[in-house]
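From first to last, the protein sequence lines are chains X and V.
Position 269 of the first sequence, counting from 1, maps to 269 under my numbering, and the rest follow consecutively.
Position 259 of the second sequence, counting from 1, maps to 259 under my numbering, and the rest follow consecutively.
Simulated from the structure, these hints should not be mistaken for laboratory data.
Some hints here could point you the wrong way.
Unchecked claim - If you want a taste of the chain V side facing chain X, the calculated C-beta under 7 angstroms gives, among others:
(1) F100
(2) G137
(3) F138
(4) L141
(5) V142
(6) I145
(7) G146
(8) L147
(9) M150
(10) P153
(11) S229
(12) I270
(13) L271
(14) L275
(15) N278
Beta carbons are placed, not taken as given, at the ideal position from N, Cα and C, and that holds for glycine.
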Amino acid sequence: MTIRVLQRVLQLIPVLLATIMIVFAMTTATPGDPIQIMLGDQRATPEQVAALRHDMGLDLPLAERFVSFVWRALHGDFGRSFFHRRPVLDVIADRLPATIELALAATVLALGIGIPLGLLAGVRRGRPTDRAASISALVGVSMPGFWLGLLLMLLFSVMLHWFPVSGRTGYGDEPAAVTHLLLIDSVLSGRPAAFADALRHLALPAITLALPMAAVLMRVTRASVIDVLRADYVLFARAKGLSRRRVLLLHVLKNALAPAVSVAALEIGALLGGNMIVETIFAWPGVGRLVVEAIFARNYPLVQAVVLLYAVVFVLLNSLADLLYGVLNPRITA
Amino acid sequence: MSASLTIHEASPSALGLRRFITDRTSLGCVAIVLVAGLAALFASAIAPHDPADADLMRRLQPPVWQAGGDWSYPLGCDGLGRDMLSRLVFGARVSLGVGFGVVLVSSVIGTLLGMLAGFARSAINAVLSRVADVLLGFPYLVFAIGLMGMMGPGLGNIVITLVLKEWVVAFRVARGETLGAREQDYVEAARALGCPSWRIMCGEILPNILSPVLVVATIRMAHVIIMESSLSFLGLGVQPPSVSWGGMVADGREFLAEGWWVATLPGLAILVVVLAINLASQGAREAFDPRLHR
Chain X
1 MTIRVLQRVL QLIPVLLATI MIVFAMTTAT PGDPIQIMLG DQRATPEQVA
51 ALRHDMGLDL PLAERFVSFV WRALHGDFGR SFFHRRPVLD VIADRLPATI
101 ELALAATVLA LGIGIPLGLL AGVRRGRPTD RAASISALVG VSMPGFWLGL
151 LLMLLFSVML HWFPVSGRTG YGDEPAAVTH LLLIDSVLSG RPAAFADALR
201 HLALPAITLA LPMAAVLMRV TRASVIDVLR ADYVLFARAK GLSRRRVLLL
251 HVLKNALAPA VSVAALEIGA LLGGNMIVET IFAWPGVGRL VVEAIFARNY
301 PLVQAVVLLY AVVFVLLNSL ADLLYGVLNP RITA
Chain V
1 MSASLTIHEA SPSALGLRRF ITDRTSLGCV AIVLVAGLAA LFASAIAPHD
51 PADADLMRRL QPPVWQAGGD WSYPLGCDGL GRDMLSRLVF GARVSLGVGF
101 GVVLVSSVIG TLLGMLAGFA RSAINAVLSR VADVLLGFPY LVFAIGLMGM
151 MGPGLGNIVI TLVLKEWVVA FRVARGETLG AREQDYVEAA RALGCPSWRI
201 MCGEILPNIL SPVLVVATIR MAHVIIMESS LSFLGLGVQP PSVSWGGMVA
251 DGREFLAEGW WVATLPGLAI LVVVLAINLA SQGAREAFDP RLHR
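Construct the entire structure; sequences and hints are all you get.
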């Protein structure tokens with residue numbers, strides 16, 4: 001196992017380098033002079049322009065720029081956000097807890113909806129439960145996330161007034177920051193009202209992000225349950241006299257879960273992209289909204305850093321899922 | 001005289017086609033996509049009004065089935081008083097056009113490179129496969145938003161961005177199928193006859209890997225349509241006066257309370273078209289898969 005982990009970590013190095021290379025290549029795709037675009041209508045002396053150019057490393061030849069980009073990225077130095085007048089990494093760090101809270105909530109919801117539904121549909125294959133679940137899943141994967149978010153907002157915020165339209169909190173005073181996740185911090189500081197408020201704000205964005213992911217998870221789980229139910233060892237377990245429930249819990253669930261886990265990790269990629277859209281719709285103060293704002297403010301260093309951050313997180317999660325897949329399914333050891 | 005016994009042996013693809021066109025759901029879905037495609041092609045002839053014709057007197061005029069609706073603007077008007085129906089018809093151009101165009105270009109590029117990589121199995125294969133792996137390991141929308149953010153909005157940039165990410169899908173399918181096909185006897189035979197490599201690839205392998213590539217291409221079109229509309233929703237897509245469904249949903253965000261139809265109808269259009277493509281390709285897979293009909 002230790003060797004497998006080490007192998008996996010070594011394999012990561014070229015992948016991460018290539019990822020950095022793609023992000024670097026993106027930055028060279030800006031039409032015209034990025035400095036002029038960033039400055040826009042603002043007046044700047046030639047000295048200031050030159051200083052900014054030097055600060056962003058744009059005065060170096062391309063190869064040197066790449067090496068310096070990689071070097072600085074490895075040290076967590078993504079330059080300064082021209083707009084915020086602070087290091088890019090600090091700006092991102094401020095927004096990160098909100099995004100993590102939303103992503104965690106959505107993942108938990110998606111797993112909680114998708115896997116049990118998939119299990120149910122797989123076991124009751126061809127019956128009305130299965131058909132209803134399968135059709136909902138197909139609609140779920142065919143629906144654009146931004147539209148789902150607006151529909152939920154229209155129904156539950158605008159018409160029913162159950163949930164707030166946007167934002168992360170309605171309070172001016174937030175609970176003492178320990179984890180920076182509002183749900184957990186409000187419990188830690190023993191403030192049920194703040195907890196309820198945080199939950200009400202979190203609900204719609206989390207559901208919007210979770211439902212498409214739940215749909216994919218449901219389909220994968222259903223397919224693998226159907227596969228596993230056909231396997232000889234399930235027949236054997238039944239013949240042995242094990243109850244249907246025990247067979248489902250002991251044999252089917254464990255074996256059907258492995259594909260769901262690797263798909264869940266892939267779906268995190270969709271979640272990362274979707275988070276940019278959902279945070280924009282619900283004015284959620286996270287990194288996703290930050291990057292969309294940064295694009296329109298032509299704040300290139302910030303866009304670059306966030307895209308790289310998301311790509312790296314995705315690569316790491318995929319490797320983690322590979323390892324987890326091996327644990328769930330020991331036959332895959334190669 | 002003996003009674004002659006005739007067996008009508010239809011080819012597998014003819015059987016598949018027969019199964020496909022007798023399936024009502026699949027047929028209905030194909031019809032929906034065709035109607036949307038025709039609307040996109042003949043938008044200027046079909047649309048009752050100019051999609052850019054704004055009139056604040058008609059601002060947020062509701063659809064015909066609601067009080068205050070009017071048959072000359074059956075689906076109502078948006079926040080600038082522009083006809084929703086005409087905008088939906090013109091929006092189909094961008095959504096379906098980008099969906100079809102991106103999938104077409106990426107499939108051609110991906111299939112050619114995939115055949116090359118699968119057939120050559122040399123350094124070309126190693127390099128292309130690594131590039132494909134890395135691109136695949138990049139979250140789709142993050143890649144698209146990041147690159148569009150750098151290049152700036154516009155129809156051409158959307159197509160470039162999505163093709164850069166999308167060719168990998170066809171590449172992997174074509175490469176995998178080619179790896180299998182090159183071991184077959186007919187390829188061996190062609191090589192023994194002295195056929196040059198390019199003729200084996202185009203004449204022998206391509207026809208044999210075409211159907212999996214086509215099946216994947218149809219499913220990917222649904223995905224590309226959602227990606228385009230997501231970019232347009234964020235304001236990174238086509239710019240006004242061009243109309244896109246994603247951009248229309250974004251326009252409707254401010255009017256959720258006063259005019260639900262402005263954001264809802266274009267989203268419904270995306271859902272219906274994407275769902276139809278998904279259902280039709282699912283039907284096609286089931287109809288043409290011989291393993292399901294033994």
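Status of the hints after comparison with the structure:
1. F100: violated, 17 angstroms
2. G137: This hint holds: G137/V lies near chain X, its Cβ roughly 6 angstroms from the closest one there, short of 7 angstroms.
3. F138: Holds, because the Cβ-Cβ distance from F138/V to chain X comes to roughly 5 angstroms (cut-off 7 angstroms).
4. L141: holds, 2 angstroms
5. V142: The hint holds - V142/V has a Cβ within 7 angstroms of chain X, the shortest such distance being about 5 angstroms.
6. I145: holds, 6 angstroms
7. G146: Given a least distance of 4 angstroms, the restraint on G146/V holds.
8. L147: This interface hint holds because 5 angstroms falls under the 7 angstroms limit.
9. M150: holds, 5 angstroms
10. P153: Since chain X brings no Cβ nearer than about 9 angstroms to P153/V, farther than 7 angstroms, the hint is violated.
11. S229: Nearest chain X Cβ about 5 angstroms off; hint holds.
12. I270: holds, 5 angstroms
13. L271: L271/V check passes; min Cβ-Cβ to chain X is 5 angstroms, inside 7 angstroms.
14. L275: For L275/V, the interface hint holds, since the closest Cβ of chain X sits about 4 angstroms away, which is under 7 angstroms.
15. N278: holds, 5 angstroms
Checked against the numbered hints given earlier, the structure breaks hints 1, 10 and satisfies all the rest.
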